[in-house]
Amino acid sequence: VDGIHDLGGKQGFGRVNYPSPPHDETWEPLVRALSAFAMRKRIYNMDEMRHAIERMDPRYYLTAPYYERHLTAVATLLVEKDVITREELEALAGGAFPLSSPIGPGRLPAPPQSFAIGEKVRVKNEFVPGHVRMPGYIRGKVGVVVGISPPYPFPDSAGHGMQAPMEPTYDVRFRSRDLWPDSCDDALNHVGVFQSYLEKVESA
Amino acid sequence: MATDKDQPTATPQQRADAIQLVLRRKGELPDTFVPDFTDHAEEEWITDNGARMVARAWVNPAFRARMLANGKAAAEEMGFEFPAHHRHLVVLENTADIHNVIVCTLCSCTAYTIIGAAPDWYKDIDYRARVVRESRTVLREMGLDLPPTTEIRVWDTTADHRYMVLPVQPPATIGWPEEKLAKIVTQDSMIGVSRLDDLKG
Numbered sequence: 004v005d006g007i008h009d010l011g012g013k014q015g016f017g018r019v020n021y022p023s024p025p026h027d028e029t030w031e032p033l034v035r036a037l038s039a040f041a042m043r044k045r046i047y048n049m050d051e052m053r054h055a056i057e058r059m060d061p062r063y064y065l066t067a068p069y070y071e072r073h074l075t076a077v078a079t080l081l082v083e084k085d086v087i088t089r090e091e092l093e094a095l096a097g098g099a100f101p102l103s104s105p106i107g108p109g110r111l112p113a114p115p116q117s118f119a120i121g122e123k124v125r126v127k128n129e130f131v132p133g134h135v136r137m138p139g140y141i142r143g144k145v146g147v148v149v150g151i152s153p154p155y156p157f158p159d160s161a162g163h164g165m166q167a168p169m170e171p172t173y174d175v176r177f178r179s180r181d182l183w184p185d186s187c188d189d190a191l192n193h194v195g196v197f198q199s200y201l202e203k204v205e206s207a
Numbered sequence: 279m280a281t282d283k284d285q286p287t288a289t290p291q292q293r294a295d296a297i298q299l300v301l302r303r304k305g306e307l308p309d310t311f312v313p314d315f316t317d318h319a320e321e322e323w324i325t326d327n328g329a330r331m332v333a334r335a336w337v338n339p340a341f342r343a344r345m346l347a348n349g350k351a352a353a354e355e356m357g358f359e360f361p362a363h364h365r366h367l368v369v370l371e372n373t374a375d376i377h378n379v380i381v382c383t384l385c386s387c388t389a390y391t392i393i394g395a396a397p398d399w400y401k402d403i404d405y406r407a408r409v410v411r412e413s414r415t416v417l418r419e420m421g422l423d424l425p426p427t428t429e430i431r432v433w434d435t436t437a438d439h440r441y442m443v444l445p446v447q448p449p450a451t452i453g454w455p456e457e458k459l460a461k462i463v464t465q466d467s468m469i470g471v472s473r474l475d476d477l478k479g
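Quick mapping for you: the protein sequence lines, in order, are chains A and B. Just remember that this note's numbering sits 3 ahead of the position in the first sequence, which is counted from 1. Just remember that this note's numbering sits 278 ahead of the position in the second sequence, which is counted from 1.
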């Protein structure tokens, strides 16, 4: 999805609040532990968790602190997986318990292909309705493979609870000037890109 | 699923407590899980792990080579652990002219068992949105004013391998023992929003 979570390169934001002011919220470690518990029990996987966060109302996403987004995703998934009901949660919480919007269909990986270190690659011009780990700022852009990582479950399947085939990911190097011409600082931008998101570039 | 408009939203504490209580009542969640998990996370997944790796890389060229070739194997060699989905750790070597900086624009992924839990600023929307596009400006605002000749390499943690930066050893600390060096390595330097080069001995 082209969701609000896909923040890379969005303009208008301000200074980073750095260094972070200290804070101590007891519910934050609790949320972290509850989420770890559900994942160890295989109630959901990491990609389903990420996608549940992405399915939050965008206005809520932007204003909720990090662990409140996790809290919303944990509850959403526990309700969707029929572990608990929203009514039980709201009765115990003593108030409304906002959940993420319903999940849609996922997708399977592209036919296997492989790329080599140093190879020029293009990120496919795809618009995926479900979970996807391709940040919008590299869509359709050309870069060079600089690293290869071991196979992982394909997130666009795993995020929807589908059987997820494994595929490698590639660290692809882009030039910031190719991503945001005339409107960026000079840098080399690297993104971890799943194999299915890439296509060959015809050599000139 | 929109929020029920008739009642105000419960606080995050109330909501988190509600999940815990329901799971306990159903016999799903053992009473000891949350405190045990939290203690483990706070005692074992700490910045000191990555700092010790960096210090060892500074004094031990063979370890440095192993760490750059396979960060996960090097971490495991020192007894550090990874969650199941972190199958690879890529170590990014800073030099006098190259500066690496890490972000996760889509969420806030980090190698948290190695460099410690991500600081709040790393999870800030402002950091996630801006550091990929305005790297030099953001780093300067955060106190790291890099010379124009320094090449900046930004790494976006969008897949399930993880990154850590291997900072340049401060010249003033050449000859220090490994244990003493580990104490000067900060989490910020392993994310890449600060450098240690100018540290005085």
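Please note that the accuracy of each hint is not assured.
In silico DSSO-like pairs for lysine-lysine, Cα to Cα no more than 30 Å straight-line [stated by the list, open to error]: (1) A:Lys127 <-> B:Lys478; (2) A:Lys44 <-> A:Lys127; (3) A:Lys144 <-> B:Lys478; (4) A:Lys123 <-> A:Lys44; (5) A:Lys144 <-> A:Lys84; (6) B:Lys478 <-> A:Lys13; (7) B:Lys478 <-> B:Lys461; (8) B:Lys401 <-> A:Lys44; (9) B:Lys304 <-> A:Lys44; (10) A:Lys13 <-> A:Lys84; (11) B:Lys401 <-> A:Lys84; (12) A:Lys84 <-> B:Lys304.
Ranges of calculated distance between the beta carbons of each label pair, as one might list FRET restraints [unchecked claim]: (13) B:Asn338 <-> A:Asp5: 45 to 51 Å; (14) A:Thr29 <-> B:Ala450: 39 to 45 Å; (15) A:Leu65 <-> B:Lys461: 37 to 43 Å; (16) A:Asp189 <-> B:Pro286: 47 to 53 Å; (17) A:Ser117 <-> B:Thr427: 53 to 59 Å.
Derived list of chain B stretches under chain A, where covered just means 3 residues or more per stretch with a C-beta under 8 Å from a C-beta of chain A [stated by the list, open to error]: (18) 333-346; (19) 363-373; (20) 382-390; (21) 411-418; (22) 429-440; (23) 444-450; (24) 468-474.
Please keep in mind that the hints were generated in silico from the structure rather than gathered at the bench. These figures come from a predicted structure and were not determined experimentally. Idealized CB from N, CA, C, for every residue including glycine.
> Looking back at the numbered hints, which does the structure fail to meet, lowest number first?
Replying inline: When the structure is compared with the hints, numbers 1, 2, 3, 4, 5, 6, 10, 17, 18, 23, 24 turn out to be violated.
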